[in-house]
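Asks: Sequence:
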Amino acid sequence: MTNQISDLEAQINSARMHVHTDSYPMSIGELINLYDENELDIHPEFQRVYRWSDEQKSKLIESILLGIPLPSIFVAQRKDGVWDVVDGLQRISTILSFMGKLKDENNQLILPLRLQATKYLPALEGKVWEDRHHPENEIDVDIKRVFKREKLDIKIIKRESEGDTKFELFQRLNTGGSKLSDQEVRNCMLLMLNENAYRWLKNLALDNNFLNSMPISEKQQEECYAQELALRFLVQRNTDARIIREHTDVAPYLNAELTRLFKEDSGFDYEKEEELFKATFRLAYKALEDDAFKKYNHEKSRYEGAISLPVFEALTPAISSIIDSAAYSEDHIVNLIVAQTKVLTEHAKFTSTLDKRVRPLDRMSAMAELGKEIFK
Numbered sequence: 078m079t080n081q082i083s084d085l086e087a088q089i090n091s092a093r094m095h096v097h098t099d100s101y102p103m104s105i106g107e108l109i110n111l112y113d114e115n116e117l118d119i120h121p122e123f124q125r126v127y128r129w130s131d132e133q134k135s136k137l138i139e140s141i142l143l144g145i146p147l148p149s150i151f152v153a154q155r156k157d158g159v160w161d162v163v164d165g166l167q168r169i170s171t172i173l174s175f176m177g178k179l180k181d182e183n184n185q186l187i188l189p190l191r192l193q194a195t196k197y198l199p200a201l202e203g204k205v206w207e208d209r210h211h212p213e214n215e216i217d218v219d220i221k222r223v224f225k226r227e228k229l230d231i232k233i234i235k236r237e238s239e240g241d242t243k244f245e246l247f248q249r250l251n252t253g254g255s256k257l258s259d260q261e262v263r264n265c266m267l268l269m270l271n272e273n274a275y276r277w278l279k280n281l282a283l284d285n286n287f288l289n290s291m292p293i294s295e296k297q298q299e300e301c302y303a304q305e306l307a308l309r310f311l312v313q314r315n316t317d318a319r320i321i322r323e324h325t326d327v328a329p330y331l332n333a334e335l336t337r338l339f340k341e342d343s344g345f346d347y348e349k350e351e352e353l354f355k356a357t358f359r360l361a362y363k364a365l366e367d368d369a370f371k372k373y374n375h376e377k378s379r380y381e382g383a384i385s386l387p388v389f390e391a392l393t394p395a396i397s398s399i400i401d402s403a404a405y406s407e408d409h410i411v412n413l414i415v416a417q418t419k420v421l422t423e424h425a426k427f428t429s430t431l432d433k434r435v436r437p438l439d440r441m442s443a444m445a446e447l448g449k450e451i452f453k
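One gets the working numbering by counting positions in the sequence shown from 1 and adding 77 to each.
Source of the hints: derived by calculation from the structure; they are not laboratory data.
Taking lysine-lysine and the PhoX-like style, the derived pairs with C-alpha atoms no more than 20 Å apart in a straight line are:
| no. | residue 1 | residue 2 |
| --- | --- | --- |
| 1 | Lys426 | Lys453 |
| 2 | Lys279 | Lys355 |
| 3 | Lys156 | Lys340 |
| 4 | Lys178 | Lys225 |
| 5 | Lys178 | Lys221 |
| 6 | Lys372 | Lys433 |
| 7 | Lys355 | Lys449 |
| 8 | Lys449 | Lys419 |
| 9 | Lys156 | Lys235 |
| 10 | Lys419 | Lys377 |
| 11 | Lys449 | Lys426 |
| 12 | Lys221 | Lys136 |
| 13 | Lys426 | Lys372 |
| 14 | Lys279 | Lys296 |
| 15 | Lys340 | Lys279 |
| 16 | Lys178 | Lys136 |
| 17 | Lys232 | Lys156 |
| 18 | Lys136 | Lys225 |
| 19 | Lys136 | Lys228 |
| 20 | Lys180 | Lys225 |
| 21 | Lys449 | Lys372 |
| 22 | Lys228 | Lys178 |
| 23 | Lys372 | Lys419 |
| 24 | Lys453 | Lys419 |
| 25 | Lys349 | Lys279 |
Distance windows between CB atoms, simulated:
| no. | residue 1 | residue 2 | range |
| --- | --- | --- | --- |
| 26 | Ser100 | Val435 | 43 to 49 Å |
| 27 | Lys228 | Asp401 | 52 to 58 Å |
| 28 | Glu299 | Ser83 | 45 to 51 Å |
All residues carry an ideal CB built from backbone N, CA and C; glycine is no exception.
Whenever a hint applies, use it, and build me the whole structure from the sequences.
Replies: Following this line, the structure appears as structure tokens:
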């Protein structure tokens, strides 16, 4: 028992993040001043993925007015001294929106929040922070003053903390009960990690052949599923065996690979990967249009159903590798895609992997190996 405890203690000491923090209460007025002076970055690009309703926003304002304590807000101090909001973005955005301060990606003011009636404060109905044309709708001056003096608990992750701390905390604090999809959280992480890489991946996932070869639902589009598929393509092409051994689930594995690939000093070859990405989906679409990543039904002699993730996992690394080798003409690769997509879905390894319900991360590896095997 002693040895086990010692082993656990050693692992905790080794794995424990070296986090340097400050914690102190700050008034809403002080926080607003930081935002006005561009010393607080709430990443306006995140706004689309945080889907609070006006009812939820009104409840937050009600809580502040009633003096109900809010959860801590986590910020990370950058090298330039600016605070990145790691957790609490929607709360801060709601406060800014209520006070008519919130700006969009183009630095333009967003239409201020008009409150709804709440359980304890039904008189909030239709109230705004400021309305020159209809002053009767404005919050009273005394209430404004009290509101600005209310305190928020700010946890500051100081810049001498380990480099990955901010992203690890963001991922842990913004999953679980969150309404964000895994990829929406990754997008936010990537924006904080490397803004250029975030924009590159976002644009990559807008490629016409890529989107046309994989029809996905409007809901999947809203949840950034296309960007997740683009990330999966890049990860499977650049898999780190050590990282895959450290994980059992796909989502945390993709998080780890995203951080590894897109660090500013990672050496990731954006130009080459973009070229291969576009060529892969151009030829896939040329071969089978929107059937490219569907299962082939041999009894009915046709492709059917929605996009098959196992098919995608098998085909995309294989096709991109063939293109990268420059061993075949484009017409030959198109013919291979048509032929081998049919071979794939009746291959014993493919059917047994699906029948045994192999866990998704192991399936991802198995499909990549199978794709390269049948495309040799």
